[in-house]
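Protein sequence lines, in the order shown, are assigned to chains A and B.
Numbering of the first sequence is given in the numbering used here, commencing with residue 10 and proceeding in unit increments.
Numbering of the second sequence is given in the numbering used here, commencing with residue 10 and proceeding in unit increments.
Do not take every clue at face value.
[As the list claims (entries may be wrong)] Capping the alpha-carbon separation at 25 Å, the derived lysine-lysine pairs in DSS-like fashion look like this:
no., chain 1, residue 1, chain 2, residue 2
1, B, Lys-279, A, Lys-279
2, B, Lys-279, A, Lys-178
3, A, Lys-195, A, Lys-178
Keep in mind that the hints were calculated from the coordinates and are not lab data.
There are 2 protein chains.
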Amino acid sequence: MTAPLRIAIAGLGTVGGGVAEVLLERGQDLAERAGRPVKLVGISARDRNKSRKSDLSSIAWFDDCRALATIDADVIVELIGGEDGPAYELVKAALGARKHVVTANKALLAHHGSELAALAERNGVALKFEAAAAGGIPIVKALRESLLAYGIDAVRGILNGTCNYILTKMEATGQSFGDVLAEAQKLGFAEADPTLDIGGGDTAHKLALLSSLAFGAAPDLSLITVEGIEHITPEDIGYAREFGYRVKLLGIARRTADGIDQRVQPAMVKAGTPLADVEGPFNAVVAHAGAAGPFFLEGRGAGEAPTASAVIADIMDLARGDVGPVFGRPAGTLKPLRAAPPERRKSAYYLRFQVLDVPGVLAEIAGHLAQSEISIQSMVQRARSPGEAVSIVMITHESPQGAVTRALNAIAASDKVTGRPCMIPMEAG
Amino acid sequence: MTAPLRIAIAGLGTVGGGVAEVLLERGQDLAERAGRPVKLVGISARDRNKSRKSDLSSIAWFDDCRALATIDADVIVELIGGEDGPAYELVKAALGARKHVVTANKALLAHHGSELAALAERNGVALKFEAAAAGGIPIVKALRESLLAYGIDAVRGILNGTCNYILTKMEATGQSFGDVLAEAQKLGFAEADPTLDIGGGDTAHKLALLSSLAFGAAPDLSLITVEGIEHITPEDIGYAREFGYRVKLLGIARRTADGIDQRVQPAMVKAGTPLADVEGPFNAVVAHAGAAGPFFLEGRGAGEAPTASAVIADIMDLARGDVGPVFGRPAGTLKPLRAAPPERRKSAYYLRFQVLDVPGVLAEIAGHLAQSEISIQSMVQRARSPGEAVSIVMITHESPQGAVTRALNAIAASDKVTGRPCMIPMEAG
């Protein structure tokens, strides 16, 4: 194997620029490890004249990224982004032309993963996506190649650095969600349109991929319940701390007796456990690998170098000749996932009610909870100035989500309760 | 690729029995993921008549493990252990007979890694050892295949579960090293002869392998400074807690301006950092991967399922056809490692002196430290009953190890100082 592996990159933003730089500047080390040269032979981006960190003037340029599918290259690196449009067209064309594809595009794979996996395998090429799940953390490889002996019971993770940064900052400063978000946008830690991050959509894309690898199923976004962090208040974060928890946006995929439970949800994670201690822009994943026990992996979840590192890892797999099926099993054997009904999920819950300071309100809340057979582990009510709304905070014993939702709907209808009750599941960590 | 991958196992202890069980009971799932059957075709162990968890009566039995090198098998799994003797002979014979080898034997590879890697590559076969470094944690794969883009600056880890169990227990109970060790032996958490674990030798074996993967060098035990945990007292652990640290036995390999610094050493790890929070029998590794940042991996470091999980991962690599060079680069390109001189290592140090309660003792200690240009960050001295020995505890600013050792030798010679001064480096975590 001395023929070079020829790489073309579509998209020269932060990550694409980083990948190009590594290929140009660390080519010698990569070639020694791969046993063959790894060579950048083509690039495409929106603006040819933009100034870039590396001198790319000697690399063949293509105005239309789709042209890369037709050039003499072995691997197309897709770093354009977006679930449809040029990224989708390029990946399809490249796979169809029997070129390996490496991508960081979680949206694309969460939406079209099954189709693209089948196309790749039909053409005998690889579609690799380490950079699409948790930035630099090698969790795709771990689930696909390492943690196989006993199967996976659950994958749980902090998969969105923007959300984790916002929640960590809210906890440290007591600021509101809106203030921290505005600041993060100014600092470039959050997008101008942050919906996909803070609404949980990005975490859902990544969870769909991890779930597919873990459970041998086709990725299916429609089976994931998604809740974002927009409604988390400094008050909730303060109570969490008081109870010995921290609020984290988790992606969770778990095998249960009722099927696979998949959700993206802010959760109260027990302080002192690995997931609770993940700070700022870091990502982390816990993989529960049967008798082999839990594995915890933490690292930077986004940004140039961590993402480029994951892309380079995929390229190096291909340089060594490791093609392998896209989601760890041949696309034809990926089963549709049997989804667990959300209402049967069991968890302890943090509940916060905003109530008027009038007689009978606690009795009414307690009555509705009792009617749904939800029992209370602990409760806090703080005095406020007379006439102000009061928070009543409770932690329930383990209860089915459906029962808790029913009770909360009944409680929300009371004229003594102001605003929508807040409900956050507790996670052991 | 539908021909089965034929596996033979040498050694049917805890781990070997676990691997056999997974191959027999989860063969269907493994075959689907590998795209071909993975089949147990031969076994060898010391005692044929020992009762085992799985029914192995249909698998060909060999009294002499070395016979496995000659049978119709593709992969020999060596789980005999020991740096020489049958394990070494079997691995050499198997590689020479162009059979892949998977092993959990860190002693063998730390001592004979270069020779065996060259032999494997000459014969076009693999020698895989995920289970030899940190139990179930996929750190070998991460260093060999994932964290390549920016090179590795340092690998630091808790690599011996027995030591971590003992230190965690000493901290929780205040018991002495000897008492906890005796208890651990009774519970089967420590070997009857625990020297290799508590003396740091096992950690050194594992560190030699991680270092080799990280720095592209041949494993070389002779370059690792090794210190065990036998001299750690409950008093040191108590002071560590007081200063906001926890005592952990670390294996550290770090690129410095003077070369690669490799050592196994109890260290005070800053509380609240991931390594400090690793409890009981768990292992963990931090890989500092250049601009991609630190990666942290934690999991069970030993025992049947975690180790079998790592062995199965290696087998599955081979089933997919991923052979690749043993230490991540062709054996011929592994450079001898340039070792950093230990005396130039810079660190802050925890120092504890046992002194007589007489005038002038502090002046004498402070004088010797000043003479070696070591400055003190903080100090604690506690009153004792009159006439009893007193502990003086100091944390130094960052100082070269050579200077601290010189000062300590001078201090130890004083007739006001009883016993050997204790010196533990501080680690940021």
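Hints and how they fare:
1. B:Lys-279 x A:Lys-279: holds, 21 Å
2. B:Lys-279 x A:Lys-178: holds, 22 Å
3. A:Lys-195 x A:Lys-178: Holds, at roughly 14 Å.
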